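Chains B, C and D: place on chain A using the hints.
There are 4 protein chains.
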Amino acid sequence: MLRVGIIGGTGYTGGELLRLLTMHPMAEVTVVTSRGQKGKPVDSVHPGLKNLIDLTFEDVDPAEIAKKCDVAFTAVPHGAAMTIVPGLLKEGLRVIDLSADYRLPVAKFEEVYKKKHADPREAVYGLPELHPEVKDATLVGNPGCYPTGANLACAPLVAKGIVSRIVVDSKSGISGAGQDPTATTHFPFVTQNVRPYNMTTHRHASEIAQEQQRLSPGVKVHFTPHVVPSTRGILSTAHLFVDEPITQAEVQAIYEEFYQDKPFVRLQTPSFANIRGSNFCDIAFEAEQGSDRVVVVSAIDNMVKGASGQAIQNMNLMYGFDERTGLWTSGLFP
Amino acid sequence: MLRVGIIGGTGYTGGELLRLLTMHPMAEVTVVTSRGQKGKPVDSVHPGLKNLIDLTFEDVDPAEIAKKCDVAFTAVPHGAAMTIVPGLLKEGLRVIDLSADYRLPVAKFEEVYKKKHADPREAVYGLPELHPEVKDATLVGNPGCYPTGANLACAPLVAKGIVSRIVVDSKSGISGAGQDPTATTHFPFVTQNVRPYNMTTHRHASEIAQEQQRLSPGVKVHFTPHVVPSTRGILSTAHLFVDEPITQAEVQAIYEEFYQDKPFVRLQTPSFANIRGSNFCDIAFEAEQGSDRVVVVSAIDNMVKGASGQAIQNMNLMYGFDERTGLWTSGLFP
Amino acid sequence: MLRVGIIGGTGYTGGELLRLLTMHPMAEVTVVTSRGQKGKPVDSVHPGLKNLIDLTFEDVDPAEIAKKCDVAFTAVPHGAAMTIVPGLLKEGLRVIDLSADYRLPVAKFEEVYKKKHADPREAVYGLPELHPEVKDATLVGNPGCYPTGANLACAPLVAKGIVSRIVVDSKSGISGAGQDPTATTHFPFVTQNVRPYNMTTHRHASEIAQEQQRLSPGVKVHFTPHVVPSTRGILSTAHLFVDEPITQAEVQAIYEEFYQDKPFVRLQTPSFANIRGSNFCDIAFEAEQGSDRVVVVSAIDNMVKGASGQAIQNMNLMYGFDERTGLWTSGLFP
Amino acid sequence: MLRVGIIGGTGYTGGELLRLLTMHPMAEVTVVTSRGQKGKPVDSVHPGLKNLIDLTFEDVDPAEIAKKCDVAFTAVPHGAAMTIVPGLLKEGLRVIDLSADYRLPVAKFEEVYKKKHADPREAVYGLPELHPEVKDATLVGNPGCYPTGANLACAPLVAKGIVSRIVVDSKSGISGAGQDPTATTHFPFVTQNVRPYNMTTHRHASEIAQEQQRLSPGVKVHFTPHVVPSTRGILSTAHLFVDEPITQAEVQAIYEEFYQDKPFVRLQTPSFANIRGSNFCDIAFEAEQGSDRVVVVSAIDNMVKGASGQAIQNMNLMYGFDERTGLWTSGLFP
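For the protein sequence lines, the chains are A, B, C and D, in the order given.
Counted from 1, the first sequence has number 63 at position 63 by the numbering used here; the numbering is strictly sequential.
Counted from 1, the second sequence has number 328 at position 328 by the numbering used here; the numbering is strictly sequential.
Counted from 1, the third sequence has number 7 at position 7 by the numbering used here; the numbering is strictly sequential.
Counted from 1, the fourth sequence has number 151 at position 151 by the numbering used here; the numbering is strictly sequential.
Hint data in this document are derived by calculation from the structure and do not stem from the laboratory.
Small disclaimer: the values here were computed from a predicted structure and weren't measured.
Ideal Cβ placement from N, Cα and C applies to all residues, glycine included.
One or more of the hints may lead you astray.
According to the in silico footprint, chain A covers these stretches of chain B (three or more CB under 8 Å from chain A) [stated by the list, open to error]: (1) 230 to 242; (2) 265 to 273; (3) 289 to 300.
List of simulated lysine-lysine pairs, DSBU-like, C-alpha gap at most 30 Å [claimed, not checked]: (4) C:Lys135 with B:Lys50; (5) A:Lys135 with D:Lys50; (6) A:Lys160 with B:Lys220; (7) A:Lys40 with A:Lys50; (8) C:Lys40 with B:Lys262; (9) C:Lys262 with B:Lys160; (10) B:Lys50 with C:Lys262; (11) D:Lys67 with D:Lys50.
Chain A with its partners taken away, still in its complex shape (with noise of 0.2 Å):
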């Protein structure tokens, strides 16, 4: 078995690897860390694994930790992971970090995180339909959940060289803003209510314009994400336009032939009641009659695909299991 650290295991990302975990049969999770709650046990904070854990917290201490895990998670907020992971990464761990620390060059990290970074290195993008190199990695900057959804719905038109500008219009569920209280979490502000937040500034665009340049270097890339009454789920909106017309046909076979050895790639109509809960990306998509513009569309879980699923992901991957293990379950519907 594949023992397992979960390193910040009180949030939404730590407990969403705690119940992905538990149904994985190559893995075991041995230790999960918090500074806030040490000691207490894991499920009086995640009381939904109330007889399927019997772990309590434990402090950050990578010696320790090293003891009981070959691979750690790091589920810490942005900036944090950057203190911890050389730790970790010392103590001979493979290490997954589900933060932004590690998923932009230094350079773009510290103008777009506004942050110096405390430890440049370099590490995998783990959006292993794009990254096939994730399996020899040590370090693995998990992607962030609406770069996720958008860059595979985009990168198999992208790819072949034919787009010129892509605008990714993003519809997230609200889990995607932690698990602390706050007045646009609040039950009667978010039901029934649909919103812009960042409309032109949101920090992802940068690993959405990351990935789809190094597939066609002169693309423009813009992005506005909104909020709805939903808890889990990101629909990704991607506006493509290309240079000259292509046929709903031409589209299809791209996009089967990219995506056609990737189990959890999909070409069906996104929906988040296919998705929600599971690792799958359901990608659509329409060319415009008489236009120069190709809808294309994707649904993921934020939780899973979007981040602590994508994580098991490379983690089966990085040990040579079936990507599938442990994830090869179908959606919660209805």
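Frame of chain A, contents of chains B, C and D only:
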């Protein structure tokens, strides 16, 4: 008192007219028709109106209606209005039609709705912020829900002649689908779900193109609608691409001037929380730095400003009332 | 015009008073106070009211308030009202208090709220259907949200002296918890969730017992509240146990007679869909065949009939207006 | 591998069996039937299962099913099961029936469901916490959703013989109404709404009475169900009236002993947040001070412990597996 008839009073739009008109001090509903519910009390279909209304559904008989009414709202399906409106006009009534039948030039209508028009006739497009001629209209084609929010969002900047392309990405509550239950309005499917539909082919695109191209002939218009898990509300995110750079302050000045004497348009962060149940259209915008994109977002209640409230606003203007009469109420929040 | 002051205008209850009073033809809000937001525009806290109100928050100064107001609503926390109300009364204002401070006899208040009362004083319990003496009141203790629906459900049958035991099982929307975000108002927790709280110890039980035992001294009263994933609305299911068999027709006759001239009580299937945003209380009942149980269910909007609407209904009665004035509107549906 | 047939695989219950069985390491679905969808891929009806299942719907042919299956789940409507089950049993299959057809003694069934029983036959009531004889059953009548939560809540105290009356007030998600869209499952009606139905006449009352009166013959049982705006989940609030005073500590001891070796029953605050998508039943209780009432509340997922999960738990016991097999997962939260 202005005497009002509601032709087709069993659906959501008819019910909303009744709800709003109970608050109108200058108008009184004297006739409500329904072929299917003829003879039944109106509050048997709309139990929220119990004690507030004491009418029974009548059959549609233009001569009888004309005896009791000065103005009629036709809240019947597309294609049905064109068979009823001529009779009402002939009897001397002024008519505000909430279907699609009188919104587009006949040739465009027949192309988009794939149906021969039974009553080709001039009508005023009832978006009063852009069509002051509503006040003299005998027949008003009340706009579609998506076009109302989208057109108000785009008009000020497009009217400047500097926009080359518009991508409208809209998020609508499910009440737009009406009151007949279907697989796609079933609670377990809609809740916690977001999904696109008619990604490049929605019929309302033609109303947006018509209005924007009237303001700036060459502008390209793209439209993609989505359903979100809300009952009411449409948030339209318009991504506008401008020919030359424009600053946030310039955009601000353009919108303030354009809407300076339009009481129902407010320049503030769009959120269904602020407009639910009211006739307001809230608009905000952001000029993307270092880019040719301006994002303009509007929020309306699709049942009010997107349908029945706007119809009453048109009625107010047609009869010389202050346009706010009976509509000057706050959104329902929380 | 009656001049109205709202003491404590930043919360949900104060906001709802403002929303409802914009529709009142005989009353005008002239003062809105807030210690924390003093000097700021009222619509900065309540953006739904933008364009509808042009006041700024003032400090609480009874002498100043008395110059501008005839009547004051105190919408401040329990315990705070008792420090403000005496000053307002002394200045000659009539006061409708929406806190719990004047609902119970002083000894009962101190036992239930575990707090010494700073202003022991007579007040009228402002449930106008049961307390017609409201019309002469100088100080009204506006009822709690749960007691309003529960007492209206039980009163007719209990007043007959044939009920020995009442079990009230209530289901409330989350707006009753107010506008401060907490772990139990966080959208991801509230949505798709139902949970009980204070299963046998909720403080509102004392208001239900007080009213029912006034009607029938020996009746036993039990109360258990729950939170459901709705913003507004309280459905109270009262299981009444009667001393001898009673038929459905007899129950029907009792309720019809009891509420025959009470415009806000309607005998029809309770459902939040019919009362959302309105001052109605809808009631239905079923006498269980072959049993001593009668189930009576009521639905109210906790923000309207359960708080601010009822307060305005009380104001109407105190000033000789028809009690429906400004409140005679339908629920918001869909 | 145990070979499993699902008879009636297009509805919510059949879909949930498929979802759960994809996670079962000892069982494999080999047949899924549907008369209406015969020949179509299973994932065309359940798109969430795309890539996870590669079966097509078959017709119901017991002899064919018996060739491919060891056990069958019948997930067909009430009244239909009794026409299919005899054939399956005759072919030597063991059967777990999820309809109401085999839950009650024949005379009771015919009285409650107002229908002649076509296949009077012994079956085991499949609530394994109360019926350990499930392990030897050939035919299991899987309990109704409401009775599962209600019976688990009441059993420990009722089994002590000290309860004279039970009032069960239940709050159910709408998925219990199935997947056919109707006016009462329409999103605009269900959202933000709570309503009672069949206030004194719900058919599940008989299953609650049967089980509780088996434990304590004279106990009176009352039941009232409600629909709440959630998809999944049933919260049952049982108000138990005891013959003599009992303390909180005594109740605690009774429940701990009763459920000490029942892994799916957890004694903690009920909340759908902790059980959504899982087979757990969470229970809490409070003995009212100075009263003869004990409030016991249980929460289950009506699709899992209330239907398909419990059916699999029964299957596990029938085939000698640990009852947790394939079901030992956490609820989906957030």
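Here is how each hint holds up against the structure:
no.: 1; hint: 230 to 242; in the structure: holds (count 7)
no.: 2; hint: 265 to 273; in the structure: holds (count 5)
no.: 3; hint: 289 to 300; in the structure: holds (count 6)
no.: 4; hint: C:Lys135 with B:Lys50; in the structure: holds (26 Å)
no.: 5; hint: A:Lys135 with D:Lys50; in the structure: holds (26 Å)
no.: 6; hint: A:Lys160 with B:Lys220; in the structure: holds (25 Å)
no.: 7; hint: A:Lys40 with A:Lys50; in the structure: holds (13 Å)
no.: 8; hint: C:Lys40 with B:Lys262; in the structure: holds (24 Å)
no.: 9; hint: C:Lys262 with B:Lys160; in the structure: violated (57 Å)
no.: 10; hint: B:Lys50 with C:Lys262; in the structure: holds (13 Å)
no.: 11; hint: D:Lys67 with D:Lys50; in the structure: holds (26 Å)
Hint compliance for this structure: hint 9 is the single one not met.
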